[in-house]
Amino acid sequence: MIRKITTLILMSLITHIAAANEAGNWFIRPFVGYSFMSDPSANSEGIGGANGPLQVELDNGFNAGTGIGYRFTRNWAAEIAWEYRSNDSKVITADGQSYDDGNYASNLFFVNGIYFFDTKSTWKPYLGAGLIWAQEIDIDLENAGQEQSFTTDGDIGYQLFAGVNYSFAPNWSLQGELRYGAVTGLDLVGEGNDGVINNIDYKTTTVQLGVVYYF
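Residue numbers (my numbering): 1 to 215.
These are calculated hints, taken from the structure and not from any lab test.
Among the clues, some could well be false.
[Stated by the list, open to error] Below, computed lysine to any residue pairings styled on SDA-like, alpha-carbon distance capped at 20 Å:
| # | residue 1 | residue 2 |
| --- | --- | --- |
| 1 | K203 | S86 |
| 2 | K90 | D201 |
| 3 | K90 | N143 |
| 4 | K203 | M37 |
| 5 | K120 | N25 |
| 6 | K120 | V189 |
| 7 | K203 | Y84 |
| 8 | K203 | A129 |
| 9 | K203 | V189 |
| 10 | K203 | L160 |
| 11 | K203 | K120 |
| 12 | K90 | N25 |
| 13 | K203 | S38 |
| 14 | K203 | A169 |
Just so we're clear, the structure is a prediction, and the values are computed from it rather than from any experiment.
Based on the sequences and whatever the hints tell you, model everything.
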């Protein structure tokens with residue numbers, strides 16, 4: 001009898017927690033993550049006194065941001081979000097100069113649609129897709145005190161993501177997410193210095209953790 005009562009109490013608590021984190025609620029979710037980027041190909045004009053292919057090698061980096069959204073139904077939500085991301089870079093110019101201490105970074109804004117699978121439990125997997133608006137994407141070429149910066153803004157891309165929410169208390173969830181994003185065909189123009197980097201891509205893969213608060 002005690003076991004049955006305990007089971008009923010636990011089931012009621014789980015249902016209450018899950019329901020508190022579903023339809024009809026606004027939410028905010030700060031997040032941090034680990035950023036993976038493939039090495040992009042690019043061409044350069046007027047960098048280091050030569051034109052030609054640019055070799056870019058990227059290390060793993062980090063991202064951090066926050067989103068705010070609304071759960072329209074138990075299954076559907078929409079969100080706007082902001083993110084800063086940075087990956088260390090090594091660049092070799094067409095004339096052989098090496099810049100070992102740079103970074104490839106961005107300020108990005110997203111508009112996302114999210115579908116939550118109704119598991120009737122505190123664990124809820126989800127899928128999503130969104131548009132990316134790049135407020136700024138830039139690459140800094142740095143070595144021994146020398147620095148050149150190349151930037152672009154206003155470019156559009158897309159992202160796809162999948163994750164799971166774990167509702168651990170009323171109005172609170174933990175979130176794990178895997179995300180892929182792409183803004184392609186960029187032309188980065190020298191910022192206070194000569195030169196252009198042509199047709200470079202910004203493709204990201206992210207493993208991130210977040211905390212979601214519903215209100």
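Structure-based check of each hint:
1. K203 / S86: holds, 12 Å
2. K90 / D201: Holds: K90 and D201 sit about 16 Å apart, inside 20 Å.
3. K90 / N143: holds, 9 Å
4. K203 / M37: holds, 6 Å
5. K120 / N25: Satisfied, since the Cα-Cα distance of roughly 17 Å is no more than 20 Å.
6. K120 / V189: violated, 51 Å
7. K203 / Y84: holds, 14 Å
8. K203 / A129: holds, 15 Å
9. K203 / V189: Measuring from Cα to Cα gives roughly 19 Å; hence the hint holds.
10. K203 / L160: Holds: K203 and L160 sit about 12 Å apart, inside 20 Å.
11. K203 / K120: violated, 35 Å
12. K90 / N25: Given pair K90, N25 is violated - Cα atoms ~45 Å apart, limit 20 Å.
13. K203 / S38: holds, 7 Å
14. K203 / A169: violated, 35 Å
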